[in-house]
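Q: Protein chains in written order, with this note's numbering: chain A, 61 to 352; chain B, 61 to 352.
FYI, nobody ran anything at the bench for these hints, they're computed from the structure. Since this is a predicted model, take the numbers as computed values, not measurements. Any given hint could turn out to be false.
[Stated by the list, open to error] Partial list, derived from the structure: chain B residues whose beta carbon lies under 8 Å from chain A: (1) E69; (2) E73; (3) A77; (4) G163; (5) V168; (6) L169; (7) I175; (8) A183; (9) V190; (10) P196; (11) T200; (12) Q216; (13) W218; (14) C325.
Where is the CB? At the ideal position from N, CA and C, for every residue including glycine.
Number of protein chains: 2
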Amino acid sequence: MDSSLLDCEQHIEDAMAEHATAQCPPLLAQALNYAVFPGGARVRPQLCKAVALANNSSDVGLASAAATAVELLHCASLVHDDLPCFDDATQRRGKPSVHAKFGERIAVLTGDALIVAAFQTLAAHAVHAVRIERVPLVTTIVARGVGAPHGICAGQAWECEQRVDLARYHRAKTGALFVAATCAGAASAGVDPGPWVNLGASIGEAYQIADDIKDAVSDPETLGKPVGIDVKLDRPSAVRELGLEGAVSRLKDCLESGLDSMPSCAGQNMLYKLVRAQSSRFIPEKLGQVAA
Amino acid sequence: MDSSLLDCEQHIEDAMAEHATAQCPPLLAQALNYAVFPGGARVRPQLCKAVALANNSSDVGLASAAATAVELLHCASLVHDDLPCFDDATQRRGKPSVHAKFGERIAVLTGDALIVAAFQTLAAHAVHAVRIERVPLVTTIVARGVGAPHGICAGQAWECEQRVDLARYHRAKTGALFVAATCAGAASAGVDPGPWVNLGASIGEAYQIADDIKDAVSDPETLGKPVGIDVKLDRPSAVRELGLEGAVSRLKDCLESGLDSMPSCAGQNMLYKLVRAQSSRFIPEKLGQVAA
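Generate coordinates for the entire structure from the input sequences, incorporating the hints supplied.
A: Here it is in structure tokens:
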């Protein structure tokens with residue numbers, strides 16, 4: 061398959077152009093674009109669109125809207141996660157974090173406006189959707205990935221509790237949006253999303269473990285943000301729980317179990333390759349030997 | 061009309077029960093309920109539902125979902141507005157604000173999760189909507205009322221700019237959600253929302269002026285939150301711009317112009333009474349003579 065079909069950048073740009081307009085308060089408009097562009101690897105929206113295409117979606121526009129929504133929600137979560145009251149991170153993607161550059165107030169509002177923009181993008185597509193009857197389920201899936209009780213907000217909130225189950229915390233904080241990506245992709249193709257939960261959950265778990273590993277062993281220049289945050293904030297982490305080798309080993313197990321669980325579909329090979337390619341970036345190069 | 065038809069409390073409770081569950085991190089679950097119950101006057105959701113009923117809506121469930129979404133978004137905006145980086149308000153509705161009681165992190169997450177819950181409520185209704193084709197427009201209207209460039213987020217963001225046009229600031233910060241309430245009510249009844257913009261905008265403007273008046277002349281016990289914030293934070297305010305009598309006079313003009321603009325519909329008299337009853341609470345009693 062032509063990999064450009066998975067590219068979501070134009071859809072994300074089109075969506076943002078509706079919000080960061082000349083009528084928008086200038087600082088908020090700047091911060092909205094700053095939080096979304098240039099993006100990271102856009103792993104989640106590509107995964108969402110790939111699952112839809114692998115299932116021969118008859119409403120690719122819906123898959124693109126869902127993919128865009130998932131990415132905007134991811135960006136929103138990063139902006140709020142970096143706030144002084146959470147990670148107090150002054151760097152993100154190799155540049156000052158949104159609150160470091162625009163102040164805390166604009167950072168809170170940027171996250172809020174991106175959450176709204178995500179759902180507005182889905183609603184805007186629905187106005188002329190080929191398959192409008194699929195939109196409610198797709199929207200519900202995306203919302204579950206970010207809200208309470210099981211989405212990103214819940215994941216962050218587990219950081220505020222005295223007792224935390226590590227798996228549950230990771231599932232909510234990172235897994236839920238990957239689950240939303242695979243399941244929204246399936247639902248936008250009119251396919252039962254249930255069997256796609258495990259693939260998303262497994263990639264999400266692997267990704268979170270990779271994040272813990274990077275926090276433990278990377279340098280700030282490579283990572284583009286501060287390192288050592290988990291220990292500094294006494295936060296649960298796979299590396300702190302399992303050690304470095306244990307964490308790398310669990311990461312690999314996660315990915316394999318996710319790929320094994322993938323439902324049979326027309327584009328199974330394409331999806332298999334995409335997930336492998338995406339996850340090859342999960343582990344820092346200098347750990348290649350440990351991971352091999 | 062039976063005024064209990066306008067009651068949205070059960071719908072709001074049902075919606076919140078989906079999020080503040082036993083699986084939710086306990087502090088977040090408590091804070092979500094704390095932010096929404098007991099509510100204020102529920103002016104916006106009642107207005108939304110009243111406009112739908114006045115237009116003989118054939119999908120009252122959609123109007124109730126829209127009304128609930130509008131109220132949850134209002135609650136979210138209060139939680140974030142009270143944060144230390146904005147108003148730094150420790151009291152709200154006569155009790156400690158969410159961040160004062162649960163901490164800043166839970167307050168940020170509560171606002172985020174309420175925004176998500178608002179759109180999830182609309183999507184959940186859409187799954188079995190009588191008129192699914194109306195949901196995208198209703199959702200878009202609600203989203204416009206809170207996001208960028210013209211909704212609440214934009215309104216708050218104008219507070220961060222050096223130069224602010226007072227009317228534009230009020231329109232976004234307060235008017236936009238009232239416009240969303242009237243227009244979403246109309247759209248959920250299948251009626252063109254355009255002619256309903258002015259009613260919402262006028263009530264919103266009146267409400268914001270009333271807020272400025274209360275901030276200038278109330279005592280904290282009556283208001284249930286700190287007073288004198290506008291002067292303290294050097295914020296634009298109708299009282300600072302027009303003086304007390306000028307502000308009261310503009311408030312009354314706003315309401316009259318809004319009521320004059322109301323499109324003709326089956327329930328026009330009921331709506332007229334509702335808006336009059338709601339707005340009678342706008343002006344503090346001790347200003348009755350000034351306002352008469």
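Q: Now tell me if each hint is right for this structure.
A: Each hint, compared with the structure:
no. : hint : result
1   : E69  : 20 Å, violated
2   : E73  : 15 Å, violated
3   : A77  : 11 Å, violated
4   : G163 : 7 Å, holds
5   : V168 : 6 Å, holds
6   : L169 : 5 Å, holds
7   : I175 : 5 Å, holds
8   : A183 : 4 Å, holds
9   : V190 : 13 Å, violated
10  : P196 : 4 Å, holds
11  : T200 : 5 Å, holds
12  : Q216 : 5 Å, holds
13  : W218 : 5 Å, holds
14  : C325 : 24 Å, violated
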